[in-house]
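Sequence lines, in order, name chains A and B. Letter 112 of the first sequence, counting from 1, is numbered 112 in my numbering, and no numbers are missing. Positions in the second sequence are counted from 1; adding 1000 to them yields my numbering.
One or more hints might be untrue.
[Claimed, not checked] Distance windows between CB atoms, simulated:
id, chain 1, residue 1, chain 2, residue 2, range
1, B, P1175, A, I45, 49 to 57 Å
2, A, I44, B, R1054, 26 to 34 Å
3, B, F1115, A, T215, 37 to 45 Å
4, B, G1036, A, I44, 32 to 40 Å
5, A, M51, B, F1015, 36 to 44 Å
What the hints contain is simulated information worked out from the structure, not anything from laboratory work. Quick reminder that beta carbons are idealized off the backbone N, C-alpha and C, glycines included.
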Amino acid sequence: MPELELGPVWLSLQLATVTVLVLLVVATPLAWWLAFTRSRARTIIEAVVAMPLVLPPTVLGFYMLILLGPAGWIGGAWLSLTDTTLTFSFTGLVVASAIYSFPFTVQPLQAAFEGVGRSPLEAAATLGASPLDRFWHVASPLALRGYVSAVVLTFAHTLGEFGVVLMVGGNIPGSTKVISIAIYEHVETLDYAQAHVLAAGLLLFSFIVLFSVYTLNRRMPLVRV
Amino acid sequence: MSTLSLNVTLERPDFTLRVDQPLELAGITAVFGPSGSGKTTLLRVIAGLEREARGTVAFDGETWASASAHVPAHLRRIGYVFQDGRLFTHLSVEQNLRFALQRSATSGPRTSISFEAAVEALDLRALLPRRTPSLSGGEQQRVAIARALLTSPRLMLMDEPLSSLDVARKQEILPHIEKLPGTFGIPVLYVTHNVDEVARLAADVVLLAGGRIVAHDNVAAIFERSDLGAFTGGLEAGVVLRAQVAAFHNGTATLRVGKQELRVPMAAANVGSTRPIRIHARDVAIATVRPEKLSIRNVLTSRILKIETGANLNVELLLDVDGEHLRARITGDALEELELSVGREVFALIKSVALESSLGA
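Starting from the given sequences, assemble the full structure and let the hints guide the process.
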C-alpha cells in the first residue's frame, strides 16, 4: 500500500476553505442585489456570473494568467503593492478559484434570497428591524439551505478544479500543487499506485460530503441542497 | 385623536394613487372600497413600503416623507398586520413576539406595551411554544396582531387581516380587534372590502375608489349617503345604527334606537352594551297609519327627511327616528299613493335587522 501524500491533500483543503470564505463575503451582496433589484443591468450581470459554467477552464485560465501575471493590470498592481507575483502562488490560486467557482456560490444564494422574497423582510421592517438586522436575523436564517448548497458546491467544485489551476498556478509543491494536479503528475509518470490513492481518496471524500448533506437534508427540511 | 396628513401620488402602469387629505384618526377607521381601488397601496405608502411614492406624509406633526426626506419603514413605529400574517417561519410564536419587542422603541411619550399585555389581549398563552407553520390561519393572524402591537406602535395598519379566514375564525378574532383602540389607545386604519366588517368595527370610514378618497366620514353618515352607491358597489343601501342592548331574554334582545325599541333575535348579548346593526333600505316598508295584526314585530315612528329618486323607478326615503337615521326603498307608485312628502310622520316597518350576519353576529 503506497503512502498517502499529505501535501497536495492539505493544500487542496486549504484552497477550498479559503475560496469558500472569500466567496461567501463577495457573493452574498451580489446575490442579494440580483435577487431584489429591478435594474435592467441584472440580466447582463447574471450572464457574466454564469460564464465560468460554460467556458473551458483553459480559456478562463488563459485570461487569468494574462490578467494576474506581472504584466497584467491586476498582477502588476499586486506586484508593486506586495513585491510578490500572483501567478504561480497560493494567493493567485485563491483568486483564480474564486472566479472559477463564482456561479456555484452566487446562484444558490440568489435562488435562496428570491425564495425568501420581500414579504418577511417588509414585515421585519415594520417591526423596527434595520436593513442589516433584516439581513442577519430574517433573510439569512430563512436562506440557510441556500448557504449550505453554496458552501458544499463551492467547496467540492474548488477541490475538483484542474485546468485553471494548471494554467495559473502550475505545479509547485506546497504552494500550488493540489490533489488534481498531483494525480495528473502521477499518471504522467506512470505512478498509478499513487494516483489511485489520491483519486480514490477524492472519490470517497466527495461521496461522504454529499451523503452527509443529503442525510442532513432528510432530517432537517430547512437544509436542502 | 391623531392626524395623518397625506399628499401623495404613486404612479403605476395601470393605476394612480392620488391622495391629498388630512385624516383625523381615532378608534378604528375603515379604509373601504372595491378591489383595485388602492386600499393596500395607500396603507403601504403610509408604512413607508413604497419608495416610488411622491409627496408628503406626516403623522402628528412628524414628517415621514417629503420631497427631501424619507423616514424608512423601520423608524416610523407603525404596527402593520398583513393580509397573510407574514410570521417568521424560522421562529416560534414566542420568538416572533420577542423579535418585535426587542426592536420596539423604548423612548417616546407612549407607554410601551408589555409582552404579557399583548399575550393576554390576543389570548396566545397556549400557543407560545408552537412553530408558526403549524398554526391555523386564525391563530396566525392573532399572533401577527400581537406582534405588531409589541412594537408599541403609534398607528396600527391592518390590511384585510380576516379576508383569508372562514366565518368561525373571523368570529374568533373580531372581538380582539374591536378592543384594540380602547385597550391600547392606538388608532387603527383597517383595510377591508367587507361591509359587515365595516359595520362591526369601524367608527369612521375612508371610502376609496380609483386611487382617490371619495368620502371620509363617520360610519352612519357614509352608509346614509345614497350618492356613494356607485363607488361602493358592495355597500348596499341601508344604514348602520349603534343600538344599546336594553334587555336580553330567551334569545331575543331588546335594542334601544332613539326612544324606541327593536326586538331582535340574538345568540347572546350583554345588557348595556352597544351593538352595531345594519338595516337595509329594501327591508324597510312604510305605512302612514300604525299597522295592526302584522307579522312584522318592529315598527318605528319616524319622519321623512328626504326623498330621492333611485334606480328602476324606486324611491329612497331618508327617515329620522328620534335623531337616528334610517333608509327605506319603496316604489314610485307607492310614494304617490301614500302621498308621502318631506316632513310627514310615517311608520317604518322593519322586516329584518342584519347583525353582521356574515360575521356570525
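Verification of the supplied hints:
no., hint, result
1, P1175/B <-> I45/A: 49 to 57 Å, "holds, 52 Å"
2, I44/A <-> R1054/B: 26 to 34 Å, "holds, 29 Å"
3, F1115/B <-> T215/A: 37 to 45 Å, "holds, 39 Å"
4, G1036/B <-> I44/A: 32 to 40 Å, "holds, 35 Å"
5, M51/A <-> F1015/B: 36 to 44 Å, "holds, 40 Å"
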